[in-house]
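Make a model of the complete structure from these sequences and hints.
Quick note, my numbering runs 1 ahead of the 1-based positions in the sequence shown.
Fair warning: there could be bad hints in the mix.
Stated by the list, open to error - Now the in silico label distances, taken between C-beta atoms and shown as ranges: (1) GLY38 x GLY8: 16 to 22 Å; (2) ALA11 x SER68: 16 to 22 Å; (3) GLY75 x PRO6: 16 to 22 Å; (4) PRO56 x PRO6: 28 to 34 Å; (5) ALA13 x GLY38: 16 to 22 Å.
No wet-lab data here; the hints were simulated from the structure. Just so it is clear, CB atoms sit at the ideal spot from N, CA and C, and this is done for glycine as well.
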Amino acid sequence: MTVRPGGALALAGSSVTGPVSSEGALAVTVCHSLLTGPVSVRGSSGPVVMGDGSPVCGGSTFTGPLSLESNTGGVELTARAGDGAGSVTER
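This is the structure:
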């Protein structure tokens, strides 16, 4: 799954197998979901929410590498589980 510049992604209660990548998105939200494969979100200008810990948008499970880099709209991350490598680099 690819989010192109200017696009947005919202997943809730979803299961995604395969890579998820986003470059220059307006917003990325992932709640109560299972993502199997690498996840990369880079250069988003709006919020990046990977679960906010609330009942409405609880944490997700990531079974591959998770990379969040250079997102300027803020990042929230609450994961239920993960067995892949993770990195968060925000400037």
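The hints, checked one at a time:
1. GLY38 x GLY8: 16 to 22 Å: Given about 19 Å between the Cβ atoms, the range holds.
2. ALA11 x SER68: 16 to 22 Å: holds (20 Å)
3. GLY75 x PRO6: 16 to 22 Å: Roughly 18 Å apart at Cβ, these two residues keep to the hinted range, so it holds.
4. PRO56 x PRO6: 28 to 34 Å: Roughly 32 Å apart at Cβ, these two residues keep to the hinted range, so it holds.
5. ALA13 x GLY38: 16 to 22 Å: Holds: the Cβ-Cβ distance is about 18 Å, inside 16 to 22 Å.
When each numbered hint is compared with the structure, no violation occurs for any of them.
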